[in-house]
Amino acid sequence: AQKITQTQPGMFVQEKEAVTLDCTYDTSDQSYGLFWYKQPSSGEMIFLIYQGSYDEQNATEGRYSLNFQKARKSANLVISASQLGDSAMYFCAFSWGKLQFGAGTQVVVTP
Amino acid sequence: DAGITQSPRYKITETGRQVTLMCHQTWSHSYMFWYRQDLGHGLRLIYYSAAADITDKGEVPDGYVVSRSKTENFPLTLESATRSQTSVYFCASSEAARGRTEAFFGQGTRLTVV
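Just so you know, the sequences run in chain order A and B. Residues in the first sequence are numbered consecutively from 1, following our numbering. Residues in the second sequence are numbered consecutively from 1, following our numbering.
Check before you lean on any hint, since a few could be wrong.
Straight line, CA to CA, 20 Å or less: simulated EDC-like cross-link-like pairs of lysine to aspartate or glutamate [stated by the list, open to error]:
#1 3(A) <-> 53(B)
#2 16(A) <-> 61(A)
#3 11(B) <-> 44(A)
#4 98(A) <-> 62(B)
#5 3(A) <-> 59(B)
#6 98(A) <-> 79(B)
#7 98(A) <-> 14(B)
Simulated from the structure, these hints should not be mistaken for lab results.
Could you put the whole structure together from the sequences, leaning on the hints where they help?
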């Protein structure tokens, strides 16, 4: 069975600094997708970024980039120039016919 | 209104009662998903559906029943609610389950079983 692991339950980051959120997955599939979602304290789920297993380049969306290392089965999210509004729970998700999520990382951005 | 809506937003029920959480989407997305969110566990997949009349179990299906007679609706039923089913439930939909097809989420239903 596929498994997604986010090893950082929580982290603090200073405003304007970059932060890396770890995500590893376990699969024998060759075709799959990786997503990152943000969940602020209001509770809604916000899509951030997608990486396909066959994409050769790392995905970027504004201040978000995905460090995809296929051989290591990792898909870390990098948030550059953190803002106070980035404080939220961040989830890594794996899509392989169904969509499964990791346990999440709580990020708190401090002034 | 376009989108995906869940009802009710909040529900308190008693142990042993049957309760149904509703999910409706207006995009005609093929795939729909039900998750529960509990502290420390992230979102865990309960059931999902690839199309009308096609459903399959996720990670934590025990105690839940789903149906999908129409593409736009995907209700989740707790046949005999237990306290361990107290959680926030999210419904989601997507065009497909592979490729760059992000899932769109409802607002969530906070269920308390007393």
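If you check each hint against the structure, which ones fail? 1, 6, 7
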